[in-house]
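Undergrad: Sequence:
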Amino acid sequence: MRTVRTLAITFALLVTGSSAFAADSTSQVIKRQAPKGITATFYACVDKAGSDTTAQGACLAAEKKTQDTRLNTTYKALTAKLTGKAKDNLLNAERAWLDFHNRNGDFEASLYGDEPVADLQVTQNEIFRLAERADALDKYLTIANDQ
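Mind the numbering: the sequence shown is residues 0 to 146 in numbering that gives the first Met the number 0, read in order.
These are computed hints drawn from the structure, not numbers from a lab.
The beta-carbon is built from N, C-alpha and C at its ideal position, and this holds for glycine as well.
Warning: the hint list may mix true and false statements.
Restricting the straight-line Cα-Cα distance to at most 27 Å, the calculated cross-link-like pairs of lysine-lysine (DSSO-like) are [to be verified]: (1) 63 to 35; (2) 63 to 30; (3) 138 to 80; (4) 75 to 35; (5) 64 to 86; (6) 80 to 35; (7) 63 to 75; (8) 80 to 64; (9) 75 to 138; (10) 80 to 63; (11) 63 to 138; (12) 80 to 30; (13) 64 to 75; (14) 84 to 30; (15) 64 to 138; (16) 86 to 35; (17) 138 to 47; (18) 138 to 35; (19) 86 to 75; (20) 64 to 35; (21) 35 to 47; (22) 86 to 138; (23) 47 to 63; (24) 47 to 75; (25) 30 to 47.
What follows is a set of in silico ranges between Cβ atoms, one per label pair, in the way DEER data are often shown [unchecked claim]: (26) 112 to 85: 37 to 45 Å; (27) 38 to 98: 24 to 32 Å; (28) 141 to 24: 40 to 48 Å; (29) 111 to 83: 37 to 45 Å; (30) 53 to 84: 47 to 55 Å; (31) 144 to 49: 35 to 43 Å; (32) 91 to 137: 14 to 22 Å; (33) 116 to 137: 25 to 33 Å.
Use the sequences and the hints to build the structure in full.
TA: The structure is reproduced here in structure tokens:
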């Protein structure tokens with residue numbers, strides 16, 4: 000009896016939860032998956048774009064540029080703080096990450112296909128990788144600044 004009641008409660012929560020997700024905006028859905036560095040401007044742009052894939056693409060392009068700039072700025076600041084072996088190791092790590100980033104992007108593009116919506120997903124994934132790397136470099140920069 001206890002198992003049946005637990006299953007009934009679990010099912011009710013799932014149904015209620017599904018209804019809540021259905022009412023979420025596009026940006027709220029993306030936020031649940033996104034790393035912390037994604038900008039509020041991007042989320043506002045995505046909500047404004049609605050189902051217009053051209054407008055969504057513009058939002059993604061702008062955020063990609065923002066995240067790429069953030070990554071490069073943080074990388075330069077970190078390399079300025081490091082010397083010797085630590086700086087060499089960062090350079091090697093960054094080269095390896097860039098190789099991974101590019102190869103993963105190639106894989107995703109072949110996996111998702113040629114549809115415009117698939118291209119948007121691949122670009123969003125790329126933005127998330129850029130933001131995650133920038134977040135990691137931010138953390139490393141904080142450590143380097145504390146030394």
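Undergrad: Does each hint hold? Answer for all of them.
TA: Against the structure, the hints come out as follows:
1. A distance of roughly 14 Å separates the Cα atoms of residue 63 and residue 35; the hinted pair therefore holds under the 27 Å criterion.
2. Using a Cα cut-off of 27 Å, the hinted pair residue 63 and residue 30 holds, with the two alpha carbons roughly 16 Å apart.
3. For the suggested pair residue 138 and residue 80, the alpha carbons sit about 13 Å apart, so the restraint of at most 27 Å is met.
4. Pair hint residue 75 plus residue 35 holds up; C-alpha atoms about 20 Å apart against a cutoff of 27 Å.
5. With a C-alpha separation of about 25 Å, the suggested pair residue 64 and residue 86 falls inside the 27 Å cut-off, and the hint holds.
6. For the proposed pair residue 80 and residue 35, the alpha carbon gap of about 24 Å is at most 27 Å, so the pair holds.
7. A distance of roughly 18 Å separates the Cα atoms of residue 63 and residue 75; the hinted pair therefore holds under the 27 Å criterion.
8. Under the criterion of a C-alpha separation no larger than 27 Å, the hint pairing residue 80 with residue 64 is consistent with the structure, at around 25 Å.
9. A threshold of 27 Å between alpha carbons decides the hint, and for residue 75 with residue 138 the separation of about 14 Å falls inside it, so the pair holds.
10. For the proposed pair residue 80 and residue 63, the alpha carbon gap of about 26 Å is at most 27 Å, so the pair holds.
11. As the CA atoms of residue 63 and residue 138 are separated by approximately 20 Å, the hinted pair is consistent with the 27 Å bound.
12. With a C-alpha separation of about 32 Å, the suggested pairing of residue 80 with residue 30 is violated against the 27 Å cut-off.
13. As the CA atoms of residue 64 and residue 75 are separated by approximately 16 Å, the hinted pair is consistent with the 27 Å bound.
14. Our distance criterion of 27 Å between C-alpha atoms is broken by residue 84 and residue 30, whose separation comes to about 37 Å.
15. For the given pair, residue 64 sits about 21 Å from residue 138 by alpha-carbon distance, which is consistent with the 27 Å threshold.
16. Simply put, residue 86 and residue 35 have alpha-carbon atoms about 26 Å apart, close enough for the 27 Å limit, and the pair holds.
17. Taking the CA atoms of residue 138 and residue 47, the gap is about 32 Å. The hint is violated against a cut of 27 Å.
18. Taken as a hint, the residue 138 and residue 35 pair is honoured in the structure, with Cα atoms around 12 Å apart against an allowance of 27 Å.
19. At most 27 Å may separate the alpha-carbon atoms for a hinted pair to count; residue 86 and residue 75 meet this at roughly 11 Å.
20. At most 27 Å may separate the alpha-carbon atoms for a hinted pair to count; residue 64 and residue 35 meet this at roughly 16 Å.
21. Taken as a hint, the residue 35 and residue 47 pair is honoured in the structure, with Cα atoms around 21 Å apart against an allowance of 27 Å.
22. For the suggested pair residue 86 and residue 138, the alpha carbons sit about 15 Å apart, so the restraint of at most 27 Å is met.
23. Taking the CA atoms of residue 47 and residue 63, the gap is about 18 Å. The hint holds against a cut of 27 Å.
24. A distance of roughly 34 Å separates the Cα atoms of residue 47 and residue 75; the hinted pair therefore is violated under the 27 Å criterion.
25. About 15 Å separates the Cα atoms of residue 30 and residue 47, which keeps this hinted pair within 27 Å; it holds.
26. In this structure the hint that residue 112 and residue 85 lie 37 to 45 Å apart at CB holds, the actual value being about 42 Å.
27. A hinted range of 24 to 32 Å for the beta carbons of residue 38 and residue 98 is consistent with their spacing of about 27 Å.
28. In this structure, residue 141 and residue 24 break the distance hint of 40 to 48 Å, their C-beta atoms being roughly 32 Å apart.
29. Roughly 42 Å separates the CB atoms of residue 111 and residue 83, a value that falls within the hinted 37 to 45 Å.
30. A beta carbon spacing of about 48 Å between residue 53 and residue 84 agrees with the range 47 to 55 Å that was offered as a hint.
31. For residue 144 paired with residue 49, a C-beta distance near 42 Å keeps the hint of 35 to 43 Å intact.
32. Range check, residue 91 to residue 137: Cβ separation about 20 Å, and the 14 to 22 Å hint holds.
33. Look at residue 116 against residue 137: about 31 Å separates their beta carbons, and that is inside 25 to 33 Å.
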